[in-house]
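All chains, please: the whole structure from these sequences, using the hints.
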Amino acid sequence: MKTIPASEFRPEHFKLDTEDGIATITLNRPERKNPLTFDSYGELRDLFRDFSYCPEIKAVVLTGAGGNFCSGGDVHEIIGPLTEQDMTGLLAFTRMTGDVVKAMRKCPQPIVCAIDGICAGAGTMLACGSDIRYGTPQSKVAFLFVKVGLAGADMGACALLSAIVGHGRASELLFTGRAMGGVEAERWGFYNALAEPDALQDTARATALSLARGPNFAHAMTKTMLLQEWNMGLEEAIEAEAQAQSICMQTQDFRRAYRAFVAKEKPRFEGD
10 MKTIPASEFR
20 PEHFKLDTED
30 GIATITLNRP
40 ERKNPLTFDS
50 YGELRDLFRD
60 FSYCPEIKAV
70 VLTGAGGNFC
80 SGGDVHEIIG
90 PLTEQDMTGL
100 LAFTRMTGDV
110 VKAMRKCPQP
120 IVCAIDGICA
130 GAGTMLACGS
140 DIRYGTPQSK
150 VAFLFVKVGL
160 AGADMGACAL
170 LSAIVGHGRA
180 SELLFTGRAM
190 GGVEAERWGF
200 YNALAEPDAL
210 QDTARATALS
220 LARGPNFAHA
230 MTKTMLLQEW
240 NMGLEEAIEA
250 EAQAQSICMQ
260 TQDFRRAYRA
270 FVAKEKPRFE
280 GD
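The sequence shown finishes on residue 281 if you use this note's numbering, and the numbering steps up by one all the way, no holes.
There are no misleading hints in this set.
Restricting the straight-line Cα-Cα distance to at most 35 Å, the calculated cross-link-like pairs of lysine-lysine (DSBU-like) are:
#	residue 1	residue 2
1	Lys232	Lys24
2	Lys275	Lys11
3	Lys149	Lys232
4	Lys11	Lys232
5	Lys111	Lys24
6	Lys273	Lys232
7	Lys111	Lys149
8	Lys156	Lys232
9	Lys11	Lys111
10	Lys149	Lys24
11	Lys115	Lys156
12	Lys115	Lys11
13	Lys149	Lys115
14	Lys24	Lys156
15	Lys232	Lys111
16	Lys11	Lys24
17	Lys111	Lys156
18	Lys24	Lys115
19	Lys115	Lys232
20	Lys275	Lys232
21	Lys275	Lys115
Bear in mind the hints are in silico, worked out from the structure with no lab data behind them.
Since the structure is predicted, the reported quantities are computational estimates derived from the model, not experimental observations.
Right, dumping it as structure tokens:
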């Protein structure tokens, strides 16, 4: 299998820093609250796909610059041009944006999302596509699609948001497009936890670092099963997990953990 060194990732439309096995992606248009463009959508999709081939990257932090996460699709650079597109062009665009979330769910690394300020529209779907979400009490989360005359069915919202907060709560948020404050978002389970703005990045990085130092092959397997079991009944899920776990039991990390337990030491996982 081909591998891609982390040093080869040089995105043009957002910041990427790699350190300690963690890739930190920062949406970086703070003057506009970090909106997405056609180019940044495509670059995010390709980056998450390529992470599958980069064993140096063990975990990902996704965040925004300037006190906001993401205000959604850029009104002038995306929404305006879309009003001039025919059906073929529109479907190509909506499939491409959905491919970003597919790539996030399929990349083997856990993704930790750190959300401050505005998280709206397509930004909410980057959050939903992540595995773990931290927010601030001051943050605002709004699935704004209905506000521009569109369905709440965007980038997998109906499936993902329902899985995160439940059907009734997802229905309300998608039908109304109202903003959900940080405290409510944490209470509803959208956020795993809240942190103050000055501690948010450290909180997300600490979780990512803990995951990066864990059994990476096993983490990737967990993420795979979380995705695949959506379409399974209980019996099929139990059998799939039996097979997945037996594969993990063949790893060196499993043996390292046993030896460390016997020696009353903390295991040092290496991902093999």
